[in-house]
Amino acid sequence: MTHPGLPLWGGVVVVTAMIIGSLWALRAPLPGRVRARYLELAGLPVIGPWIRRLTASPWPLLIFKLLFVALFLLVIVAGLFGTPVPERNLATALTWNLWWTGLIVAVFFLGSAWCAVCPWDALASWMVRRRLWRRAEPANSLHLRVPRALRNIWPALALFVGLTWLELGVGITTSPYGTASLALLMVVLTTVSLALFERKAFCRHFCPVGRTVGFYAQLAPVELRPIDTDTCTRCTSLECYHGDRDVEPCPTHLVMGSLTQNTYCTSCGNCVQSCPHGNVSWRLRPPSVEAVQGARPHWDEAWFILGLLALTAFHGITMMPFWSDWMTRFARVIGDSGQLLWSFSIGLALSLGASILFYALCVALTHRITSGALSYKRLFAGLAFVALPLAFAYHLAHNLNHLVRESNGMGALFANPLGLGTQPLSDAERHLRHMDLIIPQDLLFAIQAALLVFGFWLAVIVLRHRGRDLYHKAQALAGWRLAPMMVFVVGITGFHLWLLMQPMVMRM
Amino acid sequence: MSRMRISVIVLALWAAPGLAHHVLGRPAYSLSEDSNTPPSMEVETQIGDYFVTFMAFPAFPRPNEPGRVNLYATRIDDGTPFQGEVSFTVRDDHWFSGDEENLGRQGPDDNVYRQGFVFKEQGDYIVSAHFESGGEPYVIDFPLRIGDPSPVGPIGITVAVILSVLVGVSLVQRKRMQRLKLSSHRESVRDHG
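Chain order of the listed sequences is Z and D. Going by the numbering used here, the first sequence opens with residue 1, and the numbers climb by one from there. Going by the numbering used here, the second sequence opens with residue 1001, and the numbers climb by one from there.
In isolation and in its complexed conformation, chain D is listed as follows (with noise of 0.2 Å):
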C-alpha cells in the first residue's frame, strides 16, 4: 500500500472547542480540578490498522505558550497499543506551503507518545505524526490553530456582501426610475403634440 495519509481537517470551524461534543461523546476540551490537567483539544480518527487519539495542550494555544500534542494509537483488531517510534513535523496550513519542520521525535511513555511545541506567530498549522507499521508509513495530520482566529474574515465578508448587493440594487432601481421618467416624458410630448 502506498502512502497512507488522512487529513482530518475541519474546514473553518475547526477550532470549535465542541469539536466532538456530540459526535464523539465526550467534550473535545474538558478541564480537571483534582487533576489540574489542561483543557485539551480531542480528534479521533482510523487509519489502515489503527484506531488514534490526538489530543493538544492547551485547547487554544497562544504564540509563545508552550504546549504538546499526546497520541495514542491501538490496533483496530485486537486493541494492542502501538509500541514503535513517532515522529511529529509542522507546517502552515496554507495552499501551496512546502516549508515542513521537524518537532521531535518520541517512544512511548505509558503507551503515549508526546512532543512538545512553542509557536512564535498565531496562524493555522498543521501537526503530523509519522511512523511505520507492517513496513507501511503512516501519517496523521492534526489541524492546530495558535490564537484565536481573526474576526475580519465574518465581518468583512457581510459587509461586503451587504454593501455589493445593497449599490447593486441602488444601481438597478436608479436605472429603472431613469427609464420611467424618460417613457413618461415621451408620453407628455406625444400627447401634447
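Pulled out of the complex, with its shape left as it was, chain Z reads as follows (with noise of 0.2 Å):
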C-alpha cells in the first residue's frame, strides 16, 4: 500500500517560491550583519520562575529519564519475547514509526532535549557511574582521551551510514527481534565508551543519532545560552565546564562563555544546575541565526552535514515503488540473490557519491569563478552548511507523512506490547490505517510545501552570508558568483519536491 504524494498545488507553490528566491538572492546586494532578537524563557513572567526551578533541579530530568528508560525496556522486552509481526509489536512501530519520525520533527520545536533524556545514555551512566543522580566521584571510569584518530564525527558518520544500511537494506524496521538487538547493541557502545573515555565520548564523537539531532539543532529555535555573557567573561571557575562537588562536568566539552553553537550540546542541563551565577537559561531565537552567525562547519562535520543530506534523501528513494524494480533489475545485472544487499549497497554508496559529487562540482564552480581566492578544501567545508536546511526540512517532510499516517493505533500496541495473539494486519485494516489521519491531508501536504520553501529560504539566506563571510569584502561571494551554488540548492531542493510528489511505500 502507499500513500499519495504531494499534489500539484504543493508543487507548484514550492517551485515558485524557488523562483523568486532563486531571482531575489542573484539579484540582491551583499546582506548586512544579522541583529537578532532572543527571548530569555526564564526572564518571562509567571512562566520564568517555574522554567528556572524546573531546569535548576535534576529531578524533572530524572524523571523523564525514568519513563523514557521504561519505554526504551519495553521495546527490548517486547521485540525479543514478542510477535515477529512488526505492525504488531511496539518495539518496532514504537522505535520506527513513532520515535525514529517523531525526534527529528521534534528538534524543530526543542533543539537536542531528545540527548537530555536519551535512554542508552541514562542506562550507560547508571551502569557506569552506579548512581541515578549526581556526581560520582570516582566516576567508575578509565577517563582515557579518545584516540586522536577518532576525535571527529567520521565515526558517527559510519554509524549514521551503518544504521541506514541496516534499517533500511536489512529491513531491521520489520523485525521486532533486530530491532531490540539493535538497541542493546547501542547500550553496549554507549557503555563500553562511558568506561572507557573521558566525559561522555559516545554522544561527542560516535553518536550517529546525537550528531543529526546536534546538526539539526543548529536549526531549532531553542539554545542554552548564558545570560549575562559579562559574568561569563569574569568567571575563572568554569563550573560549566568542570562541574561541581554535585553536577557532572560539560559532558562534551563545552563552554557556556564562548558556546555559539547547538551542535555539541545535549540539552543535559548540567551547567544551569552547576553555574554558580545561575547564568545560564534557555531561550527563544530565530530559527535560522545560528545557521547564518555561528556554525563554521569542519571538515569532518561538512562531510556529516552532506552525509545527512544524502541519505536522508535515500530513504526517501528507497519508499518509491519504483525502487523495487530498480533494484530486480540491477540485482540481474550483477547477479545478486536473495536480499539483495549486495544491490542495495551499491544503490547506497551511489546515492551518497552522487549527491557528494554534485556539491563537489557546484563548489569546484564557485572556486573556479572566484579565481581560487580560498582553498577548495576551505570552500568545500565553508559552504556546507547550506545544505542543513535543506536535509533538514527534507526529513521534516518525509518523516511527518510517516508519523501523520503510520503513528496511529499506538493505543492498542500500548495495550498489547509484545502483540501476543494477534495477526498481521489484514488490508482493510490497512487501508483504515492509511485513511485515518492524524491531521486533514491537506494540511499535511500544505505544511510539506511550507517545510520546503523554508528549507530553500534558509539555504539561500545561509549561501548569501556564508558568501559574505568566507570572502573579504571585494571578493564577496555574491550576484551572479552564487550561480553555482543556487544551483546546488535549486537541484536538491527540485529533486526532493520531486520525490516528495511520489507516492511513498508504507513502512509496515
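Read the hints as simulated data drawn from the structure, not as lab findings. Among these hints, one or two may not hold up.
Partner residues aside, some chain Z positions facing chain D, computed with beta carbon under 8 Å [unchecked claim]:
#1 Y177
#2 S181
#3 V187
#4 V188
#5 T191
#6 R332
#7 G335
#8 N416
C-beta: ideal position from N, C-alpha, C; glycine also.
Now that you have both chains on their own, put them together as the hints suggest.
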C-alpha cells in the first residue's frame, strides 16, 4: 500500500517560491549583519520562575529519564519476547514509526532535548557511575582520551551509514527481534565508551542519532546560553565546564561563555545546575540565526552534513514504488540473489556519491569563479552548511508523512505491547489506517510544501551570508557569483520536491 | 558447469518478516482477508538460467504446525516457467550439520511446486530445492526458522560484554588507586625522613 504524494498545487507553490527566491538571491546586494532578538525563557513573567526552578533541579530530568528508560526496556522485552509481526509489536512500531520519525520533528521545536533524556546514555551512566543522579566520585571510568584518529565525527557518520544500511537494506524496521538487538547493541557501545573514555565520548564522537540531532538543532528555535556574557567573561572557576561537587561536568567539553553552536550541546542542563551565578538559561531565537551567524563546520562536520543530506534523500528513494524494480533489475545485471544486499549496498553508495559529487562540482565551479581566492577544502567545508536546511526540511516533510499516517493505533500497541495472539494487519485494517490521518491530508500537504520552502529559503540566506563571510569584502560571493551554489540549492530542493510528489510505500 | 548452489542465508536477521520490504518492493509477508491466504515469508533469487521465488507458509511456523514451501522458477531469458520435477530436502542450519532429510518430490501445479512440512522441534533449518535443467543440477537453499528466536542470545551477550568491561575497569581503577596510595605513602615517608 502506498501513501499519495504531494499534489500538483503543492509543487507549484514550491517551484514559484524557488524561482522568486533564486532571482532575489542573484540580484540582491550583500546582506548586512543579522541582529537577532532573543527571548529569555527564565525571564518571562509567570512561567519564567517555573522554568528556572524546573531546569535548576535534577528531578524533572530524572523523571523523564526514568520514563524513557522504562519505554526503552519495554521495547527490548517486546522485541525479544513478542510477536514477530512488526505492526503488532511495540518494539518496531514505537521505535520506527513514532520515535525515529518524531525525533526529527521534535528537534524542530526542542533542539537537542532528546539527548538529555536519551535512554542509551541514561542506562550507561547508571551502570558505569552506579548512581541515578548527582556526580559520582570516583566516576568508575578509565577517563582515557579518545584516540586522535577518532576525535572527530567520522565514527558517527560511519555508524549513521551503517544504521541506514540496517534500517533500509536488512529491513530491521520490520523485525522486532532485530530492533531489540540493535537497541541492546547501542547500550553496549554507550556503556563501553563511557567506561573507557573521558566524559561522554560516545555522545560527542560516535552517536549517529546525537550528531544528527545536534546538527539539526543548529536550526532549532531554542538554545541554552549565558544570560549575561560579561558574567561568563569574569568567571574563572568554569563550573559549566568542570562541574561542581554535585553536578557532572559538561559531557561534551563545552564552555558556556564561548558557546555559539548547538551542535555538541546535549541539553543535559549540567551547566544550568552548576553555574554559581545562575547565569545559564534557555532562550528562544529565530531559527536561522545560528546557521547564519555562528555555524562554522569543520572538514568532518561538513562531510557529516553532506552525508545527512544524501541519506535523507536515500530514505525517500527507497520508499518509492519504483525502487524495488530498480533493485531487482540491477540485481539481475550483477547476479545478486536473495535479499539483494549487494544491490542495495551499491545503490546506497551511489546515492551517497551522487549527492556529494553534485555538491563538490558546484563548489568547484564557485572556486573557479572566485579565482581560487580560498582553498577548495576551505570552501567545501565553509559552504556545506547550505546543505543542512535542505536536509532538515526534507527530513521533516518525509517523516511527517510517516508520523501522521503510520503512528495511529499506538493505544492498542501499548495495551498489548508484545502483540500476543495477534495476526498481521489485514488489507482492510491497512486501508483504514492509511485513511485515518492524525491531521487532515491537505493540511499535511500544506505543511510539507511550507517546509520545503522554509528549507530552500534558509539555505539561500545561509549561502548569502557564507558568501559574505568567507571572503574579503571586495571578493565577496554575491550576485551571479552565487549561481553555482544556487544551482545546488535549487537542484536539491527540486529533487526533494519530486520525491515528495511520488506515492510512498508504507513502512509497515 | 559443476553443481550450482546458491545460499540465501541472511545471517542472524533472516527471520525478519521485512526481508524484502524495501529491497524487493513488496512486504515479505502479507495477509489477504479475501483469499484467506496465510502470511508468508518470501525470498527471490536467481541461479543459473532461472529466477526463483521461494515462499514459506506460514511466515512464522511453529513446532508441530503444518506448513508448506512454494517454489516458482522461470527462465531469466524468456520467462518460461520450469516444468520438470523438484525434490525438497531439509537439514539443520548449524555448522557441521551433515544430516539431510528428504521432504518429498513434487511436480508442477499451475507452475508452482508445493511441499508440505511439519517440524517437531524449533530451531533454524535450511530447506533445499533440487532440480535439473539442461543437464545441470540446481540447488536452492532457503532458511526457515521454526518457533521464536531465543532472546537469551542478545541479552546474554549484552550482559556479558557490559559486565566484563565494568569489572575490568574496576580492577584497573583499583590498581591505579593502590599505586597512587603507595606513591603518596613513599613521598610522605621521604618527607618525614
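Ascending list of hint numbers which this structure does not respect: 8
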